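S.K.: Sequence:
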Amino acid sequence: MKIKYLGTAAYEGFPGLFCECEACQKANAEGGKNIRLRASMTINEDTLIDFGPDIYMQKLRYNLNLANIRHFIMTHSHSDHFNPFDLMARSEGNYSHFQGENKGSKVNVYGNEKVKEFFDFAVKVEFGGHQDFMNYIEVVPFKTYEVGKLKVTPLLAQHQPDEKSLIYLIEEERRTLLYANDTGIFPEATYEYLQNVKLDVVSLDCTHGARYAGGSGHLGLETCVQTKERLLNMGSACEETTFIITHFSHNGGLCHEDLEKVAIPHGFVVAYDGMEMKI
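Yeah, the sequence shown ends on 292 if you go by my numbering, and it's all consecutive.
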């Protein structure tokens, strides 16, 4: 399984779209790994998690052929993670012209009920309510789906009270990734499901950086450490498990090197845009 972080920022981007805070000014001045687009990830050549507002820039930056993506997996409906109107451009004809195996191909979109509402609204606006190039699969938490060569299990996040936001357990050939963006401390039901799972890579939301996350729907370094320790103590993770933090907000006040200074001592890899890993 090959993963690539297309974006590692929270809602505002980093530097923030309109922001003049110290962290954003530093990111602007120093560039490099301090520049973060909104969170998204590719898995292998055909699967993408979260189709957000920066997807066009990510396509250009990494020379992505999005025509090869067959599976779009959505964590929740917030606009920094799901941009349904750009997804309509997958329509073959005026919007897109495909070659080879991509001609006439259909794609699958996976997400919760709220994501489906936004998806259906975009289809109504663009195509009058009917399209024949995308299948929407409304996923059920803790049910495993065959997604191409992957086994994908949505797990409950703790994010918004009015939406069943999801994190995902992704498996291929006995290798496992837990992708956990936009969640605070995991619900007990999610920990219970993970009890019998062996995790190779854990990617955790760290929106708050080193600042106190409290009971919010996001994690910070302190609660990431707590999450890591619980996964280790329950046997789902071990010394060989790689723990990564991502989804950073400028409100955390830390650019990339500053994040590394506080995170590496706790055994975390600090993700950056363009980071790749083979699991």
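The set of hints was computed from the structure by calculation and includes no laboratory data. Source: prediction; values computed, not measured. Note that beta-carbon positions come from the ideal geometry of N, C-alpha and C, so glycine has one too. Be aware that one or more of the hints could be misleading.
With a Cα cut of at most 25 angstroms, we get these calculated SDA-like pairs of lysine to any residue [to be verified]:
1. LYS119 x ASN78
2. LYS129 x ASN96
3. LYS127 x GLY161
4. LYS15 x ASN81
5. LYS116 x HIS84
6. LYS127 x GLY230
7. LYS129 x GLY161
8. LYS162 x LYS137
9. LYS162 x GLY230
10. LYS156 x GLU184
11. LYS46 x GLU184
12. LYS127 x ASN107
13. LYS15 x ALA42
14. LYS164 x TYR206
15. LYS164 x LYS137
16. LYS15 x LYS162
17. LYS291 x ARG224
18. LYS164 x ARG224
19. LYS164 x LYS46
20. LYS17 x ASN107
21. LYS156 x ASP175
22. LYS162 x LEU77
23. LYS72 x ILE82
24. LYS177 x VAL136
25. LYS177 x VAL210
26. LYS137 x ALA80
27. LYS164 x GLU253
28. LYS156 x ILE198
29. LYS72 x LYS162
30. LYS162 x TYR206
31. LYS156 x GLN173
32. LYS211 x ASP175
What follows is a set of in silico ranges between Cβ atoms, one per label pair, in the way DEER data are often shown [what the hints assert, rightly or not]:
33. PHE31 x LYS72: 45 to 55 angstroms
34. ASN76 x LYS116: 14 to 24 angstroms
35. PHE98 x PRO174: 36 to 46 angstroms
36. MET247 x ASN107: 48 to 58 angstroms
S.K.: So if I understand the rule, the pair passes when the alpha-carbon distance is 25 angstroms or less; does LYS164 with ARG224 pass?
M.R.: It is violated: about 35 angstroms lies between the C-alpha atoms, which goes past 25 angstroms.
S.K.: Holds or violated: are the alpha carbons of LYS164 and GLU253 at most 25 angstroms from each other?
M.R.: holds (22 angstroms)
S.K.: Just to be sure I understand the hint, the distance between the Cβ atoms of PHE98 and PRO174 should be within 36 to 46 angstroms; is that true here?
M.R.: violated (26 angstroms)
S.K.: Between LYS127 and ASN107, does the CA-CA distance stay at or below 25 angstroms?
M.R.: Status violated; Cα separation ~29 angstroms.
S.K.: Mind checking the hinted window 14 to 24 angstroms against the Cβ distance between ASN76 and LYS116?
M.R.: 21 angstroms Cβ-Cβ, so the 14 to 24 angstroms window holds.
S.K.: For a C-alpha distance cap of 25 angstroms, please report whether LYS211 and ASP175 respect it.
M.R.: This hinted pair is violated, its Cα atoms lying about 31 angstroms apart.
S.K.: Do PHE31 and LYS72 keep their Cβ atoms within the hinted range of 45 to 55 angstroms?
M.R.: For LYS72 against PHE31, whose Cβ atoms are near 24 angstroms apart, the range 45 to 55 angstroms is violated.
S.K.: Would the hint linking LYS156 and GLU184 be met if the CA-CA limit is 25 angstroms?
M.R.: Holds, because 13 angstroms separates the two Cα atoms, which is no more than 25 angstroms.
S.K.: Starting from LYS164, check that the Cα of LYS137 is at most 25 angstroms away, please.
M.R.: violated (31 angstroms)
S.K.: Holds or violated: LYS156 with GLN173, Cα cutoff 25 angstroms?
M.R.: holds (21 angstroms)
S.K.: Below or equal to 25 angstroms on CA atoms is what counts here, so check LYS15 against ASN81.
M.R.: Given pair LYS15, ASN81 holds - Cα atoms ~15 angstroms apart, limit 25 angstroms.
S.K.: Given the proposed pairing of LYS137 with ALA80, does the C-alpha separation stay at or below 25 angstroms?
M.R.: holds (23 angstroms)
Against the hints set out earlier in the document, violations occur for numbers 8, 9, 11, 12, 13, 15, 17, 18, 19, 20, 32, 33, 35.
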